[in-house]
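Each protein sequence line maps, in turn, to chains A and B. Residue numbering for the first sequence follows numbering that gives the first Met the number 0, beginning at 0 and increasing consecutively. Residue numbering for the second sequence follows numbering that gives the first Met the number 0, beginning at 0 and increasing consecutively.
Keep in mind that a hint or two might mislead.
Unchecked claim - The calculated label-pair distances, taken between Cβ atoms and stated as ranges, are:
1. A/M0 with B/S23: 29 to 37 Å
2. A/A29 with B/D1: 17 to 25 Å
3. B/K133 with A/D14: 26 to 34 Å
4. B/R42 with A/E44: 17 to 25 Å
5. B/R32 with A/W100: 30 to 38 Å
Stated by the list, open to error - Okay, derived cross-link-like pairs now, BS3-like style, lysine-lysine, Cα gap no bigger than 30 Å in a straight line:
6. A/K16 with A/K120
7. B/K120 with B/K21
8. A/K133 with A/K26
9. B/K133 with B/K26
10. A/K133 with B/K133
11. B/K133 with A/K16
12. A/K133 with B/K21
13. B/K133 with A/K61
14. A/K26 with A/K16
15. B/K26 with B/K16
16. A/K61 with A/K120
17. B/K21 with B/K61
18. B/K21 with B/K133
19. A/K120 with B/K133
20. A/K61 with A/K26
21. B/K120 with B/K59
22. A/K133 with B/K59
23. B/K26 with B/K61
24. B/K26 with A/K133
25. A/K59 with A/K133
26. A/K120 with A/K59
These are calculated hints, taken from the structure and not from any lab test. All C-beta atoms, glycine included, are put in the ideal place defined by N, C-alpha and C.
Number of protein chains: 2
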Amino acid sequence: MDQFYVGLGAVIVRDGKILILKRSPDKDFAPNRWEIVTGRLERGEGPAAGILREIEEETKLKAEVIMPVNTEFFYRGSEEFPMVFINFWCSYIDGEVEMSWEHTEYQWIFMQDALQNPELKTFHESLSRIMALKPHLPDGFSFG
Amino acid sequence: MDQFYVGLGAVIVRDGKILILKRSPDKDFAPNRWEIVTGRLERGEGPAAGILREIEEETKLKAEVIMPVNTEFFYRGSEEFPMVFINFWCSYIDGEVEMSWEHTEYQWIFMQDALQNPELKTFHESLSRIMALKPHLPDGFSFG
């Protein structure tokens with residue numbers, strides 16, 4: 000039976016903008032590319048808890064998970080690395096970004112601008128989904 | 000690095016009711032228990048495509064995926080079986096249920112009644128989330 004690595008992504012929304020970060024040149028995969036907060040699920044943690052851990056590790060921000068918005072499968076580099084990726088819509092709560100070694104720059108940009116950035120192409124579907132959902136849901140919507 | 004089995008679930012909604020099925024007595028895990036459509040992701044397919052394949056295999060229904068609503072981690076029986084589970088909100092399109100060997104009975108029941116059924120406890124969070132989202136979204140909402 001097939002097993003997978005599980006990747007997690009966080010679209011962190013703050014006043015209509017989202018957080019993007021530039022991957023360190025030391026990364027084995029996609030160095031120097033702009034991305035959102037991403038990371039790998041560890042055994043024993045739920046995916047939503049996993050992405051909150053990654054947000055803490057990579058930004059020190061306090062955030063909350065609203066919901067998963069998109070799931071994908073791809074081979075990360077080679078067929079030996081089958082990966083399922085879960086992107087979460089998250090909401091900024093508090094704090095200012097303090098980057099780890101994994102990134103060299105960060106920006107808060109409008110979702111519409113993120114959709115124009117080809118380096119963020121992997122995350123465009125998740126962004127589009129959040130933009131489609133957001134107008135329908137009350138401000139601060141969460142599953143509580 | 001940790002790898003996982005990836006389970007998929009479908010809450011298929013039809014006129015305010017959802018489809019539940021009784022697992023066959025031949026199942027190694029949770030025989031005779033009521034559940035929703037579930038299955039295992041296979042290499043090379045996206046999770047949303049995977050759950051549509053499982054719906055076809057287990058019910059022959061035509062359905063569409065609206066969105067992932069909940070993700071979980073658990074050990075399926077033993078620690079050798081770490082599993083990430085993704086539950087999808089799906090919408091019935093067409094057809095009548097034709098069960099496979101995996102199930103012996105099926106019912107369409109109101110979501111509120113499903114929430115009262117302890118055999119469906121694993122899926123209560125996903126059901127609650129759909130019930131929280133549904134009133135806000137236009138009928139037939141999809142990401143297109």
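How the hints compare with the structure:
no.	hint	result
1	A/M0 with B/S23: 29 to 37 Å	18 Å, violated
2	A/A29 with B/D1: 17 to 25 Å	21 Å, holds
3	B/K133 with A/D14: 26 to 34 Å	27 Å, holds
4	B/R42 with A/E44: 17 to 25 Å	23 Å, holds
5	B/R32 with A/W100: 30 to 38 Å	47 Å, violated
6	A/K16 with A/K120	17 Å, holds
7	B/K120 with B/K21	14 Å, holds
8	A/K133 with A/K26	33 Å, violated
9	B/K133 with B/K26	33 Å, violated
10	A/K133 with B/K133	13 Å, holds
11	B/K133 with A/K16	26 Å, holds
12	A/K133 with B/K21	36 Å, violated
13	B/K133 with A/K61	28 Å, holds
14	A/K26 with A/K16	26 Å, holds
15	B/K26 with B/K16	26 Å, holds
16	A/K61 with A/K120	26 Å, holds
17	B/K21 with B/K61	20 Å, holds
18	B/K21 with B/K133	26 Å, holds
19	A/K120 with B/K133	29 Å, holds
20	A/K61 with A/K26	25 Å, holds
21	B/K120 with B/K59	25 Å, holds
22	A/K133 with B/K59	33 Å, violated
23	B/K26 with B/K61	25 Å, holds
24	B/K26 with A/K133	41 Å, violated
25	A/K59 with A/K133	25 Å, holds
26	A/K120 with A/K59	25 Å, holds
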